[in-house]
Amino acid sequence: MKLSTQMVVVLTSVGLLSGSFLATVGHLTKERIALNKQRETEKAIIQVVPGIVSSQKLYEERDLSVYGGKDAEGNIVGFAIQASGIGFQDKITLMLGTNTSLKKINRLAILDQKETPGLGAKIANSEFFLLYWENRDSSGTITLHKPAVSSPEELLPTEVNTITGATISSEAVLNIVNTSLEQVRKIIKEGKLTGEAQDVN
Amino acid sequence: MKAKTFAHGIHPPEFKDFTAEKAIESLPPPEKVMIPLLQHFGKPAKPLVQKGDQVNLGQKIGEGQTLFSASVHSSVSGKVISVDYYNHPGGSPIPAVSITNDGQDHPFSDKEETKDPFSFSPEEIRQKVKEAGVVGMGGAAFPTAVKLSPPKDKPIETIIINGCECEPLLTSDYRLMLEAPEDILRGAELARIATGAKRIIVGIEDNKKKAFEIFQDKIQDFSGEIALLKTKYPQGAEKNLIYALLRREVPTGGLPFDVGVVVQNAGTAKAIWDAVSRGKPLYERVISVSGQGIMEPKNILVRIGTPFKNVVEFCGGLKENADILIMGGPMMGIVQWSLDVPVVKGTSGILAWAAPRPSLEYACIRCGRCVENCPMTLVPTQLAKYVKFDDLTAAEKWGVLDCVECGCCQYMCPSKIPLVHWMRVGKNRIITLKQKKSA
Amino acid sequence: MTNNTFILQSSPHFKDKDSVPKIMYTVIASLAPVVAASLYFFRFKALALLLSCIVTCLVTEALFLWLRKKPLHSLRDGSAVITGILLAMTLPPSLSLEFAIIGAVVATTIGKQVFGGLGYNIFNPALVGRAFLQTAFPVAMTTWIPPAALKIQTATFATPLGNLRFQDAIAEGTLTPLKDLFTGNVGGCLGETSAFALILGALFLLSRRVIDWRIPLGILLSLTAFTGSFWLANPEKYASPLFHILAGGFLIGAFFMATDMVTSPIIPRGTWIYALGIGIVIGLIRLFGGFAEGVMYSILFMNAFVPLLNRYTRPRIFGERSKG
Amino acid sequence: MSTKSIGQEFTKGLWDENPVFRQLLGLCPTLAVTNAVINGLAMGMATSFVLIFSSLVVSSIKKFIPSQVRIASYVVIIATFVTVADRFLAAFFPPISKSLGPYVPLIVVNCIILGRQEAFSSKNTVGRSLIDALGMSSGFVLAMLLLSAIREILGMGTFLGYQVMGPWFEPWIIMLLPPGAFITLGILLALALQIERKAKSWK
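Protein chains in written order, with UniProt numbering: chain A, 1 to 201; chain B, 1 to 439; chain C, 1 to 324; chain D, 1 to 203.
To be clear, the hints were calculated from the coordinates, so they are not data collected in a lab. Given the structure is predicted, the values throughout are model-derived calculations rather than measurements. Some hints could be false.
[Said to hold, decoys possible] Below are the DSS-like pairs computed for lysine-lysine, each with C-alpha atoms no more than 30 Å apart in a straight line:
| no. | chain 1 | residue 1 | chain 2 | residue 2 |
| --- | --- | --- | --- | --- |
| 1 | B | Lys385 | C | Lys22 |
| 2 | B | Lys319 | C | Lys70 |
| 3 | A | Lys30 | D | Lys98 |
| 4 | D | Lys12 | A | Lys57 |
| 5 | C | Lys70 | B | Lys385 |
Assemble the whole structure, with the sequences as input and the hints as a guide.
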């Protein structure tokens, strides 16, 4: 066999074999990977909108998705807003649970963050940060209480706590929340939120 | 009058009080002199005498070979006992003519020139200076006749008489300036005529006020001026002196000719006058014998070839604890391992003291003092590093060849790094390499 | 009389009396007012931190010299003591001693000895130690207590710069008065609170010509220009240059850290670039960065450029003609 | 062709030719993902998987590959196994897959793997290549474990997630950050060099 022919043949066959092998592997794992992702999202939605049995995606754009949480009768009892924004180091993705009027925050969950370990990374920690986000009044703009306090009782309903030494990360989360709430209000006003949105004034 | 100066430089302790007020004494000629045939910058002179020859005082015993050479004259009358290698203050043995003094040595015959010395032509002046074997008396001993022959394309405008004597301890030039100011100025005038310069400037440091006043008075008869300079080392370095007086920079690798200047040491100017007016060869000179290690520091007129031993004995000898002996100044002088070396034309002083314990060498802490004080605006610590690690290309690019070895950097160095040593090593290696390449 | 044996050496035969240990001890002496101020304001805490830093630096240095088979007497040059004092002066008074000890070990090993000891390190050892602590224990390193002399009882206490950066001090009118900054009646690291003590020590250093005046001046100029231009544009939002100069670690950094001979350029032109760079980076960090204080990082940042600056700022040799 | 005994073939990867400490290969993942033992271990395993299978394949088909296209072929083969590892992790260990981020796909350019193919598998028998790959993998896993153990213990006070330091311990956050990786690796390299020198002087 001529060298050039041999080269072509070898490369082609190696490529073909790899390709077909990978196709098989991809096929076998595809569903599972998709399932993993879906489960993760569902878990987060249930976590931030308590008492729901199912959820439905109502809206999606870059860095913002809105899910409706449904009770046993299929009524939407709250929204789960998945939003992303820039943190101290990299993108932060969070899931925010609100009531249907967007005036009350149930809970907050951090889905993905790469903040400084031991410092900004505490935004994903309940004890230091997320606890202070439960049952906040979001009818206006939420503000950060500085300096940090040691119990949620010390905060106003419209305030959330700061993490000592990680003001920037705390501010970043607050910013994402305030912006996404604003965006969702606008989306509702424009009627782009499909599905039945009830009790929206 | 505001004292002029240049950038950088240092202020070492002066210690000039030892000898500043001591008038020049004459040392009686010794019983035996050893006159090296190389006492100048350049090629050695060719001996003109043999063992057993009878010579007279001032007789030429060595003929300057090439342009960069100078003739050598006998400093006593007597018999040549050998022409052989002998100790030299430069370090390595050099061929020397040893002469026993027969004591007949009547003072030099002052046969007055019939002609007025100032009416000589430039060529005649140069010839007489060359004949007398005059060299720079500051230390470098550059043949003076060469300095008085500027290239045709470089017109000379100014003669600078260097009366700085910026080296600590030394006072020989100062005493000469006090005791023979007219001779110095006349010598300067002759140099002016020889080079076709327009004016004379005499630069004197402000720690020599007395000399400055005398010169201000005497200069009236000459076309020139006296300039007061700040007391600072190395104020007397040619390039820095020119800059201080005229704000002109001698280009790197160039000579004062390039900026229309010729610089002569005060002592040299006197030697020029002696040579031209009386035909007196350079066979004696004034030196300062000083330092804490000398019993009675003095300024003395010494015959060339006199062993250091005789000079030191004349000054009461060395103190017990004196353990460093230097020819020249403390900044650029050369250490001597023995008193058995002869005085040469470039010997401006003999110093001795008890050396302090050598200090520990630390790593360079990059304080930048060497940079701040280098009169050539080099970066000595960097240069030393380049030389140490044999990066000669970088060393040359950073100007190691421009180093004048004044020692300011090493004086200031808190880490006590032998910077000047590294500069010398670098210069040597580069020059050797270049010679090899061109050969 | 002539049986003296002579020493042989190359010229020059005169040497200045200044030596490395002498310079180092001058620096230590100049730190006296700062140390005194810190002892006055923070009492026993300051003393404990200071002693543990100095002792750890000395012990670590000795250990390394022994490991590297170097003579132990170089311990006497005083540089380890300086590192210890400077490190202690940049620590918050509430810091526990074990952190200070870790910092001192890191400063001596990673900051100094791994490069080959005194004279070879690229970064200021004390700042390396502090940067390590700042990154390793960010909360402990940013927890401040009021000076003991102030007699204030609050759980948390912010530094004047922290107050400015993270608590909108200008808008709320709680900006620390300049007078307190000057005397040192504010929260902060041990050695950075009292501007008065720092200036006293700095003047001593300048008068003894131990530090290069270009460095503090350059930093001062560029920081003033930088913060001043923002202040003039919007005094409602930005603090005045004078506040920036007196607050935080600026003075100790500009006079005692950036001027460290080993880690600053040797050539005046390089020194200017270095100093101006530090001022601008301080301004950038303080106004727009993630930290309230930027002196430490800006000095370390510019330290990294020193070898380059030394290489590319060759001064014009006397008599060298500019190339056409 | 290698002339070592089978035992030597394996153990050289552990110390004499340890990819990280002696050859300074594959430093990118070594520095990037060793902030927790679980990550370091997973990365080590993934790399080992790719290395072992690539070595097997390359050594068994080495006769057919013309030298002009060998690198291209190796890269395709390596990339195949890397993709398999990546998909496998994503499907069955999503948290690990997430925390390793892009570093699993980046195994493709890990010098250890390509280096072993070029230096060993392409010249030796299948059996020897397998042993070599096993040795190198073990060496790499060992290095990753050592580095990540130091960083996790100092950085979080835990080992594999279990608290090992007492409550008095204040975690050194810097050890979880890139500087901690560089400092730890630097100190380990210095130690390795020192041990090597001592060992030589004993011989």
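Hint check:
1. Under the criterion of a C-alpha separation no larger than 30 Å, the hint pairing Lys385(B) with Lys22(C) is consistent with the structure, at around 24 Å.
2. Taking the CA atoms of Lys319(B) and Lys70(C), the gap is near 39 Å; set against the 30 Å cutoff, the hint is violated.
3. A threshold of 30 Å between alpha carbons decides the hint, and for Lys30(A) with Lys98(D) the separation of about 16 Å falls inside it, so the pair holds.
4. The suggested pairing of Lys12(D) with Lys57(A) is violated, with an alpha-carbon distance near 56 Å, which exceeds 30 Å.
5. With a C-alpha separation of about 21 Å, the suggested pairing of Lys70(C) with Lys385(B) holds against the 30 Å cut-off.
Taken one by one, the earlier hints fail for this structure at numbers 2, 4, listed in ascending order.
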